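Participant: Turn these sequences into a full structure, and let the hints guide you.
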Amino acid sequence: MPHILVDNIVKTFRIAQRRPGLWGALHGVLRREYRTIKALDRVSFELEPGELVGYIGPNGAGKSTTVKVLSGILVPDSGRCEIDGRIPWRNRISNAANIGVVFGQRTQLWWDLPVIESFDLLRDIYRIGSGEYLRARDELAALMDLEPLYDVPVRQLSLGQRMRCDLAAALLHAPSVLFLDEPTIGLDAVSKLAVRDFIKRLNRERGVTVVLTTHDMDDIEALSDRVMVIGHGRILSDSTLDDLRARVTRERRLIIDLLDEGQAIEDPDVTFISRSGNRVHLQFDPDRVPTAALISRITAKYAIKDLFVENPPIEEIISRLYDEHELR
Amino acid sequence: MQSFVLPYTAVLSARFRMILQYRAAAIAGFVTQIGWGAIRVMAMEAFYRSTSAPQPMHLEDVVTYIWLGQALLGLLPWNPDTEIRAMVRSGTVAYELVRPVNLYTYWFSRSMAFRLAPTFMRSIPLAVLALLFFGMQAPASPEALVYWLAATLGAVLLSTALTVILSITLMWTISGEGVSFLVSPVIYFLAGMVIPLPLFPDWAQRVLDILPFRGICDAPFRLYMGHIPATEAWAVLLHQLIWIVILVAFGAWLLSRATRRLVVQGG
Numbered sequence: 000m001p002h003i004l005v006d007n008i009v010k011t012f013r014i015a016q017r018r019p020g021l022w023g024a025l026h027g028v029l030r031r032e033y034r035t036i037k038a039l040d041r042v043s044f045e046l047e048p049g050e051l052v053g054y055i056g057p058n059g060a061g062k063s064t065t066v067k068v069l070s071g072i073l074v075p076d077s078g079r080c081e082i083d084g085r086i087p088w089r090n091r092i093s094n095a096a097n098i099g100v101v102f103g104q105r106t107q108l109w110w111d112l113p114v115i116e117s118f119d120l121l122r123d124i125y126r127i128g129s130g131e132y133l134r135a136r137d138e139l140a141a142l143m144d145l146e147p148l149y150d151v152p153v154r155q156l157s158l159g160q161r162m163r164c165d166l167a168a169a170l171l172h173a174p175s176v177l178f179l180d181e182p183t184i185g186l187d188a189v190s191k192l193a194v195r196d197f198i199k200r201l202n203r204e205r206g207v208t209v210v211l212t213t214h215d216m217d218d219i220e221a222l223s224d225r226v227m228v229i230g231h232g233r234i235l236s237d238s239t240l241d242d243l244r245a246r247v248t249r250e251r252r253l254i255i256d257l258l259d260e261g262q263a264i265e266d267p268d269v270t271f272i273s274r275s276g277n278r279v280h281l282q283f284d285p286d287r288v289p290t291a292a293l294i295s296r297i298t299a300k301y302a303i304k305d306l307f308v309e310n311p312p313i314e315e316i317i318s319r320l321y322d323e324h325e326l327r
Numbered sequence: 000m001q002s003f004v005l006p007y008t009a010v011l012s013a014r015f016r017m018i019l020q021y022r023a024a025a026i027a028g029f030v031t032q033i034g035w036g037a038i039r040v041m042a043m044e045a046f047y048r049s050t051s052a053p054q055p056m057h058l059e060d061v062v063t064y065i066w067l068g069q070a071l072l073g074l075l076p077w078n079p080d081t082e083i084r085a086m087v088r089s090g091t092v093a094y095e096l097v098r099p100v101n102l103y104t105y106w107f108s109r110s111m112a113f114r115l116a117p118t119f120m121r122s123i124p125l126a127v128l129a130l131l132f133f134g135m136q137a138p139a140s141p142e143a144l145v146y147w148l149a150a151t152l153g154a155v156l157l158s159t160a161l162t163v164i165l166s167i168t169l170m171w172t173i174s175g176e177g178v179s180f181l182v183s184p185v186i187y188f189l190a191g192m193v194i195p196l197p198l199f200p201d202w203a204q205r206v207l208d209i210l211p212f213r214g215i216c217d218a219p220f221r222l223y224m225g226h227i228p229a230t231e232a233w234a235v236l237l238h239q240l241i242w243i244v245i246l247v248a249f250g251a252w253l254l255s256r257a258t259r260r261l262v263v264q265g266g
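Residue numbers (numbering that gives the first Met the number 0), protein chains in the order written: chain A, 0 to 327; chain B, 0 to 266.
Hint data in this document are derived by calculation from the structure and do not stem from the laboratory.
A couple of the hints might just be wrong.
[Unchecked claim] Per label pair, the in silico range of CB-to-CB distance: (1) Ile-173(B) - Leu-4(A): 29 to 35 Å; (2) Val-4(B) - Gly-130(A): 17 to 23 Å; (3) Arg-30(A) - Leu-131(B): 55 to 61 Å.
All values derive from a computational prediction rather than experimental measurement.
Every residue, glycine too, gets a C-beta built ideally from N, C-alpha and C.
Facilitator: In structure tokens form, the structure reads like this:
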């Protein structure tokens, strides 16, 4: 049996429409108009224990709604969902003891209390034994260098510090699943690296199953082999990152630093993308022309200082996938 | 057992400690309540001086009633829990649902601290001042003191159960301003904080006897000063108990409805 099973989940929201302006507001008082939004439209997937899956999609695609259904916060209209055999919204309390959740935009720590007191409170709320608690806390503190933050009130933490503390807070009770809803949002580069590194270790060393929603493609590239793309409440793609690339576009980038600025590169198998100074960005299809053959042809013809081949950035792949499904 | 109640007592005591930090708010509330108390006492004195008809309560009892009310004003369930309100507005309420606890009991504990902590800070100094300088009387008898304490415990539970219901309505209204606007004058009036309830006409007494609000201020206060004899204390406590059971059951039902139709704000 899979660790997490999601089968044909549908979730709709009814949202009151408001027309703009004062008249619109008054009109809304007299007669409400509702609009139904299908946040999840027959979403299905399975996760094995210890998997780390990246979950991406534009704003409003249904990422957070999926996480909220899995954590037992929202009740879907129809469909089946189980985590370790528990139905999240029906067995909310026992499911909650088994999962850890971080909503990146919000903190679960007590705003006015020092970090350590928030941790102590969570110990009591999750009924963690004091021995286990100290072991878990010290381990998390060592991994993310939290001890200097223990006595700082949460409102005084920087966003990066707060996120490290929030991650620890979600893990004190040693859950077997971790749901991370945009854990790197707004973080600086160093904090992002620290958070990614931590998530990776948690997954590799402790076998915690992780579902990670994000807008940051670097998160996906650094962390997950498996990527699910969602748009308009539907899973558009569920595969490894490489397969996703291969399916959406086979094209590669060829980036050349020329010795001579005035030169232009012309070849029947490449298309020109952009140029800045000596650097030229080109695109080619490795199925039409073998990479090695193309490179030797170009180096023979032009004076070249340096050259490298790249995959197109993942943002572009995703944006093409959205285009295919007319999500814009 | 200890491990069962632990989450709830922990959140109650944390909230209590947090509120005790707000000293400025406590001092401001203290000063305002003395001012208001003085005005209410003066109004009542003027009323008693202008009438020769026998009243259902002596002026000294009314004065004590008013000062008890000022000291315990914080117990009145006139608004939703501000912490839950902030959580609903920001969407942080989502975290409340991923805790392995009974949400109703959890919010009951939070709201109890929300009602008790500010009251705890203001009531004792205010009562001491009123006893020494403003004509408030001591409890009628040691027995009256004991029954008053028991009824005050009932009042705390009653008030908390009402506060939780107000907090749950936030799941529909989000802001809660409207609810406070509608509810607070009604509660003030029906609890006896504007005019002591014994001064209401007879037909109103029959309604007030049924409503739960009498159990928050009026009945415990009158036990304190012996206006309700100790032999009738059981009726006060029973009335409170019945309403606590009804309001807790209703609150728990309402919360289960609310969580089923939940829309978490933002993403």
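Participant: Now tell me, hint by hint, if it's right for this structure.
Facilitator: Status of each hint after checking the structure:
1. For the pair Ile-173(B) and Leu-4(A), the supplied restraint of 29 to 35 Å holds, since their beta-carbon distance comes to about 34 Å.
2. Judged by the Cβ atoms, the range 17 to 23 Å given for Val-4(B) and Gly-130(A) holds: they are separated by roughly 21 Å.
3. Checked against the hint of 55 to 61 Å, the C-beta distance between Arg-30(A) and Leu-131(B) comes to roughly 60 Å, which is consistent with it.
This entry satisfies every hint, going by the numbered hints stated previously.
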